[in-house]
Amino acid sequence: MSKVVLSIENLSKQYRLGEIGTGTLSHDLKRWWALARGKEDPYSLVGQVNDRTKKAESDFVWALRDINFELEQGEVLGIIGKNGAGKSTLLKLVSRITSPTSGIIKAKGRVASLLEVGTGMHPEMTARENIYLNGAIMGMTRREISKKFDEIVDFAGCALYVDTPVKRYSSGMRVRLGFAVAAFLEPEILIIDEVLAVGDMEFQKKAIDKIKEVSKTGGRTVLFVSHNMASIQHLCTSCLVLENGSIKIPKSPTHLAVEAYLKGEKDKVADGTFAQRTDREGDQLLQFQSYKVSIDPNQPTQALQSGKPACFQLTYKSNLDAPKQVDVAITISTITGQLVTVMSTAYINRSLIAQPGENKVMIKIPRLPLMEGEFFSNVIVRSGVIIHDWIKEAIFFEVENGDFYGTGKIIENSHKSILFDYLAEQL
Amino acid sequence: MKEKWDLIIKPDQSLFDLKLKEIWQYRDLLTMFVKRDIVTIYKQTILGPIWFFVQPIMTMLVYIVVFGRIAEIPTDGMPQALFYLAGIIIWNYFQECFMKTSDTFATNQDMFGKVYFPRLIMPLSKVVSGLIKFVIQFALFFAVYLYFLIEGTSPIAPNMMLLLVPYFVLLMAGLGLGFGVIFTSWTTKYRDLKFLIQFGVQLLLYATPIIYPMSLLEGKMKQIMLLNPLAHIVEGFKYAFLGAGELTTYGLAYATVFTIVVVVIGILIFNKTERSFVDTI
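Those protein sequences? They're chains A and B, same order as listed. The numbering used here applies: residue 1 is where the first sequence begins, and numbers increase by one. The numbering used here applies: residue 428 is where the second sequence begins, and numbers increase by one.
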């Protein structure tokens with residue numbers, strides 16, 4: 001029989017907006033005065049949903065609101081959501097870094113969190129010393145670390161440099177060392193934030209396999225946050241989706257939750273304009289306004305096809321008085337978050353002159369080398385290192401299978417996902 | 428059926444839960460932090476741990492010139508070097524404990540924001556690594572002390588109170604820790620206190636009989652001085668080694684009670700702050 005090892009009931013967390021400085025003392029005094037007279041805390045009830053695109057109406061905001069779920073032993077739960085959905089706040093509460101405003105978290109066994117690799121490592125100390133220090137910070141005793149020391153060093157692949165100060169290590173090695181310590185922790189519940197994004201591909205794979213092994217054979221329960229849908233799908237047995245601090249899709253099997261989440265994302269950007277996008281980055285001197293993705297810009301928009309042209313048309317507005325030289329770039333990523341390519345006007349020496357007012361640019365791929373699937377793009381306009389406007393997950397588009405090689409053969413779908421031009425000769 | 432949970436996180440936890448059991452579980456971490464402090468402090472310096480000696484010796488020389496020769500403040504008939512050095516090393520320990528613990532939250536906010544462990548481990552580790560520094564400086568004092576003792580021309584009278592020396596040190600650690608954790612808790616919200624600490628400690632030095640003996644004071648001045656718990660500890664420390672100084676049972680009891688109160692209040696405030704300081708800092 002499976003048993004519940006983590007239970008979260010009506011969990012909420014409220015944050016105060018704006019700067020904490022002047023005013024806190026008077027708030028404190030008012031609060032104290034109200035409580036002293038036996039009245040309600042005047043600041044605890046206000047607050048609103050955490051929607052960052054709207055301007056706040058009160059000084060307080062709910063980063064999390066009424067979260068409920070339970071985890072059984074051995075379960076690996078993925079938590080998905082956009083930036084600001086409350087994922088990190090949830091992890092912080094469960095790992096006791098900050099305390100909830102209301103609600104209760106109950107857990108069985110040791111809880112360890114890996115919100116960052118190598119926390120507390122000191123550059124002047126050797127790897128050996130740092131393994132002990134980092135392990136102790138994560139809650140291991142000296143004996144436990146000594147027992148696993150060789151395995152840790154082995155996993156990190158730094159056996160040669162155990163007695164070298166960590167400051168001489170490359171950043172990749174430091175990450176490996178940090179993760180190795182955490183991987184050999186043996187908590188009943190392990191909390192992992194987006195830490196695997198650092199490090200090279202080989203290491204990421206190793207790390208994910210390790211987490212998988214830990215949860216399968218060790219019966220550990222894992223709480224996992226990532227933007228990478230591929231690793232979520234690979235690792236998690238179930239997922240829940242957070243939006244604006246509340247649960248949007250309750251705990252469900254991974255493929256259902258991921259699908260529902262991606263669908264929701266897709267609907268949002270289908271209309272071809274960026275007018276509703278307020279989550280932009282950059283100084284906004286230039287702003288993207290709309291887009292059109294098509295095989296031929298003169299024809300009505302339809303799904304792209306492998307082997308056919310793909311045209312990305314972007315309209316952007318310049319708020320400057322004078323023309324300015326800028327570069328526009330579009331990324332293409334698979335729907336699971338795997339970056340495929342970045343196309344920038346800078347790479348092909350086709351920088352643009354942005355005239356005051358409206359401008360248009362078209363980036364055209366003569367023969368689209370993508371196979372059937374769903375993709376998304378980030379768009380960015382910049383001059384040198386200065387970012388003017390940057391919209392993440394700006395465009396979603398579908399690609400249908402086409403005759404890329406001109407041979408009439410359709411490539412099998414399982415042979416994902418990029419097509420190359422190639423030659424073959426009998427020798 | 429009532430289930431058994433190992434960990435329950437609630438918005439309000441008992442104010443008087445000192446979490447001492449948890450701190451004991453994390454004792455290995457305390458050792459590691461102490462080791463980190465000691466190992467790294469003088470890395471890539473030429474003189475290394477010799478710096479532990481340089482500071483008290485230089486301070487002592489300046490005191491001899493300024494307060495001993497120029498201002499001619501008496502030293503209870505004791506050799507000036509010994510009198511000042513005794514005051515300096517015990518004071519240094521208090522200052523070390525206080526200063527190092529009073530910025531616990533500010534200097535460790537990155538680590539505290541990423542991983543949980545009983546936060547009190549951090550200030551406690553500073554007190555322990557301060558103790559190691561104190562022991563090294565004490566060895567210096569002891570060497571000077573032996574020299575004067577063997578030379579035999581000064582009226583040094585070591586006595587039974589020497590047995591209380593570890594207790595004096597413990598009181599110093601308690602006061603430093605207690606005040607330190609109170610200040611670090613308050614500064615997470617009101618940064619103003621940081622400025623107060625900087626010169627506050629400096630001023631406190633003059634309000635404690637380090638560069639002058641307690642016996643110099645009379646009347647109202649003395650009554651005010653007796654309110655300073657540090658005064659009793661410093662005088663007691665000097666009395667134990669030199670046989671000159673004012674150590675009273677009342678003074679010792681007062682310093683003890685004062686320390687216990689400060690430590691308990693400090694830990695309570697600290698524990699309350701650690702629960703949500705990440706949101707305010």
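Do not rely on the hints blindly, as some may be mistaken.
[Claimed, not checked] Computed spacing ranges between beta-carbons, pair by pair: (1) N10/A to I692/B: 32 to 40 Å; (2) R143/A to V481/B: 51 to 59 Å; (3) L630/B to N319/A: 52 to 60 Å; (4) G579/B to L160/A: 57 to 65 Å; (5) M485/B to K205/A: 53 to 61 Å; (6) K431/B to V385/A: 27 to 35 Å.
[As the list claims (entries may be wrong)] Partial pick of chain B residues on the chain A-facing surface, computed with a CB cut under 8 Å: (7) L434; (8) K437; (9) D455; (10) L456; (11) Y469; (12) K470; (13) L474; (14) W478; (15) Q536; (16) M538; (17) G540; (18) K541; (19) V542; (20) F544; (21) S703; (22) D706.
The set of hints was computed from the structure by calculation and includes no laboratory data. Keep in mind it's a predicted model, so treat the numbers as computed, not measured. Ideal Cβ positions, reconstructed from N, Cα and C, are used throughout, including at glycine.
Hint by hint, here is what the structure shows:
1. N10/A to I692/B: 32 to 40 Å: holds (33 Å)
2. R143/A to V481/B: 51 to 59 Å: About 39 Å separates the Cβ atoms of R143/A and V481/B, which means 51 to 59 Å is violated.
3. L630/B to N319/A: 52 to 60 Å: holds (56 Å)
4. G579/B to L160/A: 57 to 65 Å: holds (60 Å)
5. M485/B to K205/A: 53 to 61 Å: holds (57 Å)
6. K431/B to V385/A: 27 to 35 Å: violated (57 Å)
7. L434: This interface hint holds because 4 Å falls under the 8 Å limit.
8. K437: holds (5 Å)
9. D455: Constraint on D455/B satisfied, holds at 5 Å.
10. L456: For L456/B, the interface hint holds, since the closest Cβ of chain A sits about 4 Å away, which is under 8 Å.
11. Y469: Cβ of Y469/B sits 10 Å from chain A, so the hint is violated.
12. K470: Where the cut-off is 8 Å and the nearest Cβ of chain A is about 5 Å from K470/B, the hint holds.
13. L474: violated (17 Å)
14. W478: Check failed: Cβ of W478/B comes no nearer than 16 Å to chain A, outside 8 Å.
15. Q536: Nearest chain A Cβ about 11 Å off; hint violated.
16. M538: At about 5 Å, which falls below the 8 Å cut-off, the nearest Cβ of chain A leaves the hint on M538/B intact, so it holds.
17. G540: holds (6 Å)
18. K541: Status holds, d = 4 Å.
19. V542: holds (5 Å)
20. F544: holds (6 Å)
21. S703: holds (5 Å)
22. D706: Holds - the Cβ of D706/B comes within 8 Å of chain A, reaching about 6 Å at its closest.
The structure shown violates the earlier hints numbered 2, 6, 11, 13, 14, 15.
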